[in-house]
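Using the hints, position chain B against chain R.
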Amino acid sequence: MKDVLAAVQDIKCPIQRSLVFVEEFLSEPMCGKCHPCALGSYEALVRLKRIAAGSGLQADVDAIQRIADQMLEGSRCIKGKDTAKFLLTALETGAFREHLEGHCEEQECTQYVIYRVIPEKCVLCGLCQEACKYNAIVGEKKVSYRSGYLPFEIRQKRCVKCGDCYTACTYGAIEKIEENKAALV
Amino acid sequence: MANMVNLKIDGKDVTVEEGTNLIDAAETVGIHIPNLCYLKGLKGIGACRLCVVEAEGGKAPLIACNTRVKEGMSISTRTEKVQEIRKFVIDLILSMHPLDCMTCTKAGVCNLQQYAYDFGIKESSFTRKKFGYATDEANPFVKRDPEYCVLCSRCIRVCKGQGTDVLEFSGRGVGAKVVTAKDRPLQESGCTFCGSCIDACPVNALLEADRWRKGREWEYEKTETVCLACGDACSITVSTKDGMAAKVVAGAPEGSVERYICAIGRFGFDSNYSDMRVKTPLKKVGGELKETTWEDAISLVAKNLKSAGADAAFVTSGTILNEDALLLKKFATEVVKTKKIDSTVSLYSDEEAMTGDAADLDAADLFVVAGTAPDQWKRVLPALDAIVRKKMNNDGTKLVVINSGEPRIASAASVFLKGDEVKMLMELGQAMIAKGAKAPKEMVSALAAVNPSDEAMSAADIFLASKKPVILASPSLFKAAANLALVKGDAVAVPLEANAKGVVSMGLSSSGTKFRDIVSSSSKALYVVGELPVSKRPETGFLVVQAPHMTELASHADVVLPATSALESEGSIIDLLGRIKKVNRVCGPSGEARQNGDIFIAVAEAMGGALKPVKDADVKKAAKMKTKTAFHAFKKDAGYDIDAEAFAGDTTGSIIQGSRLLWLRQVEAASVTA
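If you read the protein sequences in the order shown, they are chains R and B.
In terms of this note's numbering, the first sequence is residues 1 to 185.
In terms of this note's numbering, the second sequence is residues 1 to 674.
Just chain R, same shape as in the assembly (with noise of 0.2 Å):
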């Protein structure tokens, strides 16, 4: 359970934390040798894929919660219990519900975050282009002598939320906020 615990310290969103938990979890120290905790902790695991991946709906949360309650009096062993109650501090923090709408504070769910450029701050130097491995950045590096050109965008449909444009600007100029916010903006 070290292990477990240790690919998940630098974590903060409790969603991702509690995912990344039970996907640790399942891959080594679970034995399987009592249902409710096998069984259980795999059903945990889809549903917080499900939520991460903003699709969660309050069935998934639901879901955990009994998952968690259960696995606590059932499971046979320690491991089954810690990941219960793992789960159960992670669902204390409200931090469930407001994935459901729309948020995740540490901004680590990638689903629930997009990049955006300031065009303000950009200066059209064209290496955030160069970093992302997707084509999802267009635009037209800026030559002195050229005017007229085509401003630096990230098209949300390819972008894959790895924030590789975000360490290589330099300029600050690209951000990440969370989806809802902004559609506001």
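For the record, the hints were derived by calculation from the structure and aren't laboratory data.
It is possible that some hints are incorrect.
Some, not all, of what chain R presents toward chain B, calculated at C-beta under 8 Å [said to hold, decoys possible]: (1) 26; (2) 30; (3) 32; (4) 33; (5) 36; (6) 38; (7) 40; (8) 42; (9) 43; (10) 46; (11) 66; (12) 70; (13) 74; (14) 76.
Calculated pairs, BS3-like style, for lysine-lysine (alpha carbon to alpha carbon, straight line, at most 25 Å) [what the hints assert, rightly or not]: (15) B:43 x R:79; (16) B:438 x B:636; (17) R:81 x B:81.
Some chain B residues flagged as far from chain R (calculated, every beta-carbon gap over 10 Å) [unchecked claim]: (18) 57; (19) 107; (20) 117; (21) 157; (22) 181; (23) 186; (24) 239; (25) 311; (26) 351; (27) 414; (28) 516; (29) 520; (30) 602.
We treat Cβ as the ideally placed atom computed from N, Cα and C, and that holds for glycine.
Just chain B now, with coordinates in the frame of chain R:
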């Protein structure tokens, strides 16, 4: 007598033996604690968590299948907390289980279906999961469909327990799959096709391969009877639909170590309906067997027997029922008036061994297997092999094997005394006496000169440490082996045919001419009953074969009389443990077949002698044990050495030829040559 423990379950007072688990304890007062992975007779593993219960004053729920009763316990099996856990698990299992109860063969006996009903779960509230595992349908016996599996591991544990050990989990948790080594088809994995896993499966993941749309549980009529294919004489429960046998399962009580049947017992029932059945009397006309009427056949037989008189001979297999055996004896001695009458039992046993001691296999904590070599894989007394291994693996029973050869069971033994059986028995006896065991004077003096080996000494330690040793001996060694039982325990002679002990008790013993001599010498008329390990026509003026199947010997006969098969006969047998077992008629006779005894009565009548039908009391009177355990010289009875494997093959020939077991025999033959 074991200590009794008092406790309360759901307010009811329960008194059970110490060491009983909570599920079994609750069952005694009619309370069912739900479970999927518990199987009576196996240790509870607490995997499915359906059997959670709450104890008064206890914090966490208890797992009923692996919690033993304690004095003064108070258990609640239906609290809200445990019902929620159960519902949760059923809900999860349903999320990965096909919801096709309407066409599912196991409907009606499926535990999952029952619990879904009990908890009112129409469909799972969890995400549907499907893994697309292929069904193993490559053999005609066991169909494995992993899509239905609920991961209870009953099949794995049953298979391990009986020593066949071909199943294992691949993966864990959701998506785990029960597989053979390297996920090969069953026939390439050392499977014996006993089908114990089918009986263990709570759902439709393991099923008889021929069951699709052949009727479901509520359409069956069930009959308790006995399999007569070999000396184990296992209890079986036969399900019939429209008068035809459709399914056979082990019939010994749940939890009993004897609850096992082999492939022949489970799947051999096809032979009841095979083309090889003799359905009408046949007589030889111009070198060919032609159909005839009962009247004609009987008068022909009667005429020939009458003219042969004392020169007529009778031989029977050791599988005919007690009642038929009694009638045969009377028919031969009183109506035909011949002394030439014997059964195949005299090929491997004398009379005394067949009327020996009884034993309780369930209570045994040590088996001494002397001379006899039960083997599930060779299908020689397979149930006995399975019983010994189950007791060893599940209850920690010890095993001492004494054999001059290298039988497969020896590899499982705690101590294997290899060498001349009588010598080894003497060494073991002397080792026990040397360690201070009390033995009769004659035995002490008979063994005084024996110098036991180290192995014999360690076997003696095991023997003396055990409480209820059971000695299983081949009949020829019975008297020598039974001497050990004078120190402690019981000894049983293990015959090769289902009713060997009954046939002998009913008086069909070689008081006159022995089987071997009858078959090898010439006679005026020879009357053969059942399937014998004889294929060539013995020298005789007139050969009558009375059997359910067209055997090779029958094809050489002058008259063939159609007898009912084991499933069509009614009566009783005496099994290897000396118990009278009832054989019940499962289905009506094929064609014009008649039961052996009825044929004897009819032929006797045609000869002018009257035979009265046998009453139960006659059988009981004849079945009374005659021998008292006394010391016998340490020696092997001579003249009883036969190849048990060949004998088993010969006497089950028509069952195998007439059923899907033929496929298995061919596959096995192919794998040997490959």
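Hints, verified against the model:
1. For residue 26 (chain R), the suggested interface contact is upheld, since its CB lies about 7 Å from the closest CB of chain B, less than 8 Å.
2. For residue 30 (chain R), the shortest C-beta to C-beta distance to chain B is roughly 6 Å, which falls under 8 Å, so the interface hint holds.
3. Taken as an interface hint, residue 32 (chain R) checks out: its beta carbon lies about 3 Å from the nearest beta carbon of chain B, inside 8 Å.
4. Here the hint on residue 33 (chain R) is kept, as its CB sits about 6 Å from the closest CB of chain B, short of 8 Å.
5. Interface restraint check: residue 36 (chain R) against chain B, minimum CB-CB distance 5 Å, threshold 8 Å, status holds.
6. Taken as an interface hint, residue 38 (chain R) checks out: its beta carbon lies about 4 Å from the nearest beta carbon of chain B, inside 8 Å.
7. Interface hint at residue 40 (chain R): satisfied, since its Cβ lies 6 Å from the closest Cβ of chain B, which is below the 8 Å cut-off.
8. At its closest, the beta carbon of residue 42 (chain R) sits 4 Å from a beta carbon of chain B; the interface hint therefore holds under the 8 Å criterion.
9. Taken as an interface hint, residue 43 (chain R) checks out: its beta carbon lies about 5 Å from the nearest beta carbon of chain B, inside 8 Å.
10. Interface hint at residue 46 (chain R): satisfied, since its Cβ lies 5 Å from the closest Cβ of chain B, which is below the 8 Å cut-off.
11. Against a cut-off of 8 Å between C-beta atoms, the interface hint on residue 66 (chain R) holds, since the closest Cβ of chain B lies about 7 Å away.
12. Satisfaction of the interface hint for residue 70 (chain R) is found here, the shortest Cβ-Cβ separation to chain B being roughly 4 Å, below the 8 Å cut-off.
13. Interface restraint check for residue 74 (chain R): the shortest CB-CB distance to chain B comes to about 4 Å, inside 8 Å, so the restraint holds.
14. Because the beta carbon of residue 76 (chain R) sits about 6 Å from the nearest beta carbon in chain B, less than 8 Å, this interface hint is met.
15. With a C-alpha separation of about 23 Å, the suggested pairing of residue 43 (chain B) with residue 79 (chain R) holds against the 25 Å cut-off.
16. Distance check on the hinted pair: residue 438 (chain B) and residue 636 (chain B) sit about 24 Å apart at the alpha-carbon level, within 25 Å; holds.
17. Taking the CA atoms of residue 81 (chain R) and residue 81 (chain B), the gap is about 16 Å. The hint holds against a cut of 25 Å.
18. Interface exclusion of residue 57 (chain B) from chain R stands, the closest Cβ pair being 17 Å apart, more than 10 Å.
19. Even its closest Cβ contact with chain R, about 23 Å, leaves residue 107 (chain B) beyond 10 Å, as expected for a residue assigned away from the interface.
20. With 10 Å as the threshold on Cβ separation, the claim that residue 117 (chain B) sits away from chain R holds: the shortest Cβ distance comes to roughly 19 Å.
21. No beta-carbon of chain R is positioned within 10 Å of the beta-carbon of residue 157 (chain B); the least distance is around 13 Å.
22. Once the 10 Å rule is applied to beta carbons, residue 181 (chain B) is consistent with being away from chain R; the minimum gap is 19 Å.
23. With a closest Cβ-Cβ approach of about 24 Å to chain R, residue 186 (chain B) is found to remain outside the 10 Å limit, as its non-interface label requires.
24. Residue-level check passed: residue 239 (chain B) sits 31 Å from the nearest beta carbon of chain R, beyond 10 Å.
25. No beta-carbon of chain R is positioned within 10 Å of the beta-carbon of residue 311 (chain B); the least distance is around 72 Å.
26. For residue 351 (chain B), the condition that its CB be more than 10 Å from all CB atoms of chain R holds, with the nearest at approximately 54 Å.
27. For residue 414 (chain B), the shortest C-beta to C-beta distance to chain R comes to about 29 Å, beyond the 10 Å cut-off, and the non-interface label holds.
28. Distance check for residue 516 (chain B) against chain R: the nearest CB is about 58 Å away, which clears 10 Å, and the non-interface claim stands.
29. No Cβ of chain R comes within 10 Å of the Cβ of residue 520 (chain B); the nearest lies about 62 Å off, and the non-interface call holds.
30. Distance check for residue 602 (chain B) against chain R: the nearest CB is about 62 Å away, which clears 10 Å, and the non-interface claim stands.
The structure fails none of the hints (numbered hints given earlier).
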